[in-house]
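Undergrad: Please build the complete structure, drawing on both the sequences and the hints.
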Amino acid sequence: MEAIRRFTADFGLPRLLITVFLLMLFTTAPLVGVNLPSSLSDVLIRVGMNGIMVLAMVPMIQSGCGLNFGLSLGVLAGLLGSTISIETGKVGIVGFLVAVLVGQAFGALFGYGYGKLLNRVKGGEMMIATYVGFSSVMAMCIAWVVLPFKSPTMIWGYGGSGLRTTISVEGFWRHILDNFLAFHIGENFKFPTGALLVFLLVALLVWVFFHLKLGTAVTAAGLNPSYAKASGININRMRIISVMMSTMLGALGIVVFQQSFGFIQLYDGPLYMAFPAVAAILIGGASVNKATLVHVLIGTLLYQGILTMTPEVFNAVLKIDMSDVIRVIVSNGMILYALTRTLKVAK
Amino acid sequence: MEPILSLRGIGKSFFANRVLSDVSFDVAPGEIIGLVGENGAGKSTLMKILFAMPEIIETGGFEGTIQFAGKTVKFKDSFDALDAGIGMVHQEFSLIPGFTTTENILLNRESVQRSFLVDIFGPRINGLDRATMNERSRKAIAKLGVALDPDMLIREMPVGHKQFTEIARELCREHVKLIVLDEPTAVLTESEAEVLLASLRLLAQEGIAIIFISHRLREVVELCDRVVVLRDGRKIHDFPAHGTSIKEIAAAMVGRSAEAQAQVDAESLVRSEHAQGAAEQPILEVSGLWVDMPGETVRNVNLAVRRGEILGIGGLAGQGKLGIANGIMGLAPAGGKVLLNGKPLPLNSPREVLDRSMAFVSEDRRGVGLLLDEGIDWNIAFTAMQVQDKYVTPLLGGLLKWRSDAAMVKLAEEYIKLLEIKCTGPRQRAGALSGGNQQKVCLAKAFALRPDLLFVSEPTRGIDIGAKHLVLETLKKYNQEYGTTIVMVSSELEELRSICDRIAIVYEGRIEGILPHTEPLERFGILMAGAGRDDMPVAAGGES
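As they're listed, the protein sequences go chains A and B.
The opening residue of the first sequence carries number 72 in our numbering; numbering runs sequentially from there.
The opening residue of the second sequence carries number 601 in our numbering; numbering runs sequentially from there.
Treat the hints as calculated values from the structure; they're not laboratory data.
One thing to keep in mind: the hints can contain errors.
Unchecked claim - Here's a subset of chain B near chain A, in silico, CB distances under 7 Å, partners left out:
{"#": "1", "residue": "P950"}
{"#": "2", "residue": "V968"}
{"#": "3", "residue": "R1003"}
As the list claims (entries may be wrong) - Distance ranges between label pairs, derived from CB positions:
{"#": "4", "chain 1": "A", "residue 1": "N305", "chain 2": "B", "residue 2": "T732", "range": "47 to 55 Å"}
{"#": "5", "chain 1": "B", "residue 1": "R899", "chain 2": "A", "residue 2": "V217", "range": "54 to 62 Å"}
{"#": "6", "chain 1": "A", "residue 1": "L180", "chain 2": "B", "residue 2": "F679", "range": "50 to 58 Å"}
{"#": "7", "chain 1": "A", "residue 1": "G404", "chain 2": "B", "residue 2": "I725", "range": "33 to 41 Å"}
{"#": "8", "chain 1": "A", "residue 1": "A179", "chain 2": "B", "residue 2": "N941", "range": "36 to 44 Å"}
{"#": "9", "chain 1": "A", "residue 1": "L88", "chain 2": "B", "residue 2": "A1007", "range": "36 to 44 Å"}
{"#": "10", "chain 1": "B", "residue 1": "I725", "chain 2": "A", "residue 2": "N305", "range": "44 to 52 Å"}
{"#": "11", "chain 1": "B", "residue 1": "E658", "chain 2": "A", "residue 2": "K361", "range": "15 to 23 Å"}
To be verified - Counterexamples of contact, computed for chain B against chain A with all Cβ distances above 12 Å:
{"#": "12", "residue": "F693"}
{"#": "13", "residue": "G722"}
{"#": "14", "residue": "P723"}
{"#": "15", "residue": "K739"}
{"#": "16", "residue": "D751"}
{"#": "17", "residue": "S791"}
{"#": "18", "residue": "I846"}
{"#": "19", "residue": "I1126"}
We put the CB at the ideal spot given by N, CA and C, even for glycine.
TA: Structure representation (structure tokens):
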């Protein structure tokens, strides 16, 4: 009994419940007529789509800035990257790389300003970050209309100016990663090798960063700012580095997302982009002040697993669409749980 | 006489880790019991059990029975214990920084003015009767015999005054029968401690029983009626304090011969002087230094530190001795002129100070000194890694600096052995170590930098005598072997006199005078009271 209790405490009750729930979904799926190989394939594709955005949470958590509720800012940088890439008319891998690189440049720029701002509001980062995310998305809504884009694939057909709400990347770089080295098992199972490889590669880079001298300094600045200061660390600089990293990862994350999803979503599309990523890393077991790559991997897998499997199984059984309700309950519930948990620690 | 408190067969283990076994003793009304033992001996746990602290209850309760005022009691929580008439002064302050002395003393026991609103909204709407409250807190403060301003905000107070406020709060309870004081004098200077001991005696005469936990054995012998010694969770000794000696208690505490201890102590008092160094250029020259550190303001310090010496900085709490070290190391806003090896040292920049081969062991172990959630290896190696690129492997031709975990563990193991750090291994969380061992980790962190000039602030605050002795010996050895100049700030004069060559006394943010360690105690006392300016001998002065 004691062993069970200790295991639950270590693993975290919510994480345990969600794992059990997911396993239940997987076992009942074939019984209610859901095609399991295709569902599994969907889960993997979604992990590849969303993984990097979950990864984007790690640097800021480590540096003590908390969860990046302003991830939308990074997403906006990525959107600028992909729209500019399409404007240049480059297709295939070149077009994809242009989108990534331009996105990184904007991500670095936005991240720097965002970091400067967060350094002024120490202690209240997460709330400020939420508003940074919301307001920047709204500000960009104006920008999407007035920016001088010309490519006919992107602008409104009737007025001849302003970007559309949804832009297809078909014919540019749709599925460029998903199809790279992809292989099929049976009729319905596709393994998105390229997307998962890129995710793991970026995860490796983040892992390497936190094993460098600089990454160690960022971590220490998050663990105990006074200690870091006494060791000659410039805390504000470490925090800006982490915020820039997070924003740039967000920019990369959305471009990878688009190549799989097939569309660029503008205007209020990025509004709630941060919440699924926040929820995923929390389900993975991270807290507001500690996150590892294991948390990212487990969290993405569990969260995307629930998201894929719930609608399929529920729809098959109940004949109603519950997916969005479940998604909202799980992601917001997780965020709520994680925030209350830190309050307990802080006390 | 019927005992007010009697503990029978108290035992406690945290999971597999046994910290107390079969401890029994009685406390009679009006009796002062000294509870002593090294860090980790189980004193704090015993008191936590008495107070039914949540960590005890959450980890499965305890063994044995507690009788209080003739009845077997089982407190559900600390409020139960308080209601029964037990007061507690914790080692860490539990005060509200933004409230005044009076408000803190009477928190939740305020005198109230009844108004008709009470009938409608209940007692929470009562107004405060400030005049009566001030009167009550004045009375409690008067019992302590100190000058404490009832209207001063806690955050503006020096540490010593905060401690008095804590004690005054317990004194001001109406039916308190037993007061537990956990290291009440650790943060007090000797004169403040004297005042406190006197007021405790007064309380005992009124019939209040006192359990006094302290590392300062002299105070224990002086104050207590009986001494209970704990070692490794067991009661080793229980004898009347009258007729016993510090040596005897110390021997029981550490389980080693007190004679050997005494000999080392004596040795450290008669040691060679570094007087020859006086002619050379000083390693550090400070002039016109001011530091804005709350409660420890430095106004105008002029000081020269000789190469290779151990310089002590002493003085009463709140006079600015801590500010000097924190200011020079760049951790508190400071101004003035500081020369290191004849070249100006920038202030307010911790990194540059570290780059110039200086190191600092902070008085705030848990706040500044340690990464509590990381292992010993990180704690020791981090500063050296960041400042001197030690324990990193260059990758891609030095473009990337890879953290070498193996080298860090090796370093940690070295220091664990060298400083006898008690731990489960180099990866153990620093927060899980006892105070003395944490202090050793802090020292190791500074040593790993191989500094030319080392500032050590309150290195023995709140640690047991075994660890204290080791820390002081280590500092002395380090000074002799590597020629490291050490500036040690401490509120314990005896400690400074045992290892320092010269001791500077700080008064009101200025250096009142510098004396060699051989000078008699009274001369230091005069300086501490701020009366030294007229009769300072020119030879001993180090001001430039």
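Undergrad: So, for every hint listed, does it hold in this structure?
TA: Now for the hints, and whether the structure bears them out:
The interface hint given for B:P950 holds, since its Cβ lies 5 Å from the closest Cβ of chain A, which is under the 7 Å cut-off. The restraint placing B:V968 at the interface with chain A holds, with a minimum CB-CB distance near 4 Å, inside the 7 Å limit. Interface hint at B:R1003: satisfied, since its Cβ lies 5 Å from the closest Cβ of chain A, which is below the 7 Å cut-off. Checking the proposed 47 to 55 Å range against A:N305 and B:T732 shows it holds: the Cβ atoms sit about 52 Å from each other.
For B:R899 and A:V217, the Cβ-Cβ distance of about 60 Å falls inside the hinted range of 54 to 62 Å, so the restraint holds. In this structure, A:L180 and B:F679 meet the distance hint of 50 to 58 Å, their C-beta atoms being roughly 55 Å apart. Restraint check, A:G404 to B:I725: a C-beta distance of roughly 38 Å satisfies the suggested window 33 to 41 Å. A hinted range of 36 to 44 Å holds for the C-beta pair A:A179 and B:N941, which are about 41 Å apart.
Our hint of 36 to 44 Å for A:L88 and B:A1007 holds, since their Cβ atoms are close to 42 Å apart. Taking 44 to 52 Å as the suggested C-beta distance range, the pair B:I725 and A:N305 conforms, at roughly 51 Å. Distance hint for B:E658 and A:K361: a CB-CB separation of about 22 Å, consistent with the stated range 15 to 23 Å. Against chain A, the non-interface label of B:F693 holds: every CB pair exceeds 12 Å, the least being about 16 Å.
Remark: the non-interface label on B:G722 is consistent with the geometry, its nearest Cβ contact in chain A lying 27 Å away (cut-off 12 Å). With 12 Å as the threshold on Cβ separation, the claim that B:P723 sits away from chain A holds: the shortest Cβ distance comes to roughly 27 Å. Once the 12 Å rule is applied to beta carbons, B:K739 is consistent with being away from chain A; the minimum gap is 33 Å. Even its closest Cβ contact with chain A, about 29 Å, leaves B:D751 beyond 12 Å, as expected for a residue assigned away from the interface.
Every Cβ of chain A is farther than 12 Å from the Cβ of B:S791; the closest lies at roughly 30 Å, confirming the non-interface assignment. Listed as outside the interface, B:I846 is consistent with that label: its C-beta sits roughly 36 Å from the nearest C-beta of chain A, beyond the 12 Å cut-off. At roughly 35 Å from the closest C-beta of chain A, the C-beta of B:I1126 stays outside 12 Å, upholding its exclusion from the interface.
Consistency with the previously given hints is maintained throughout, with no hint failing.
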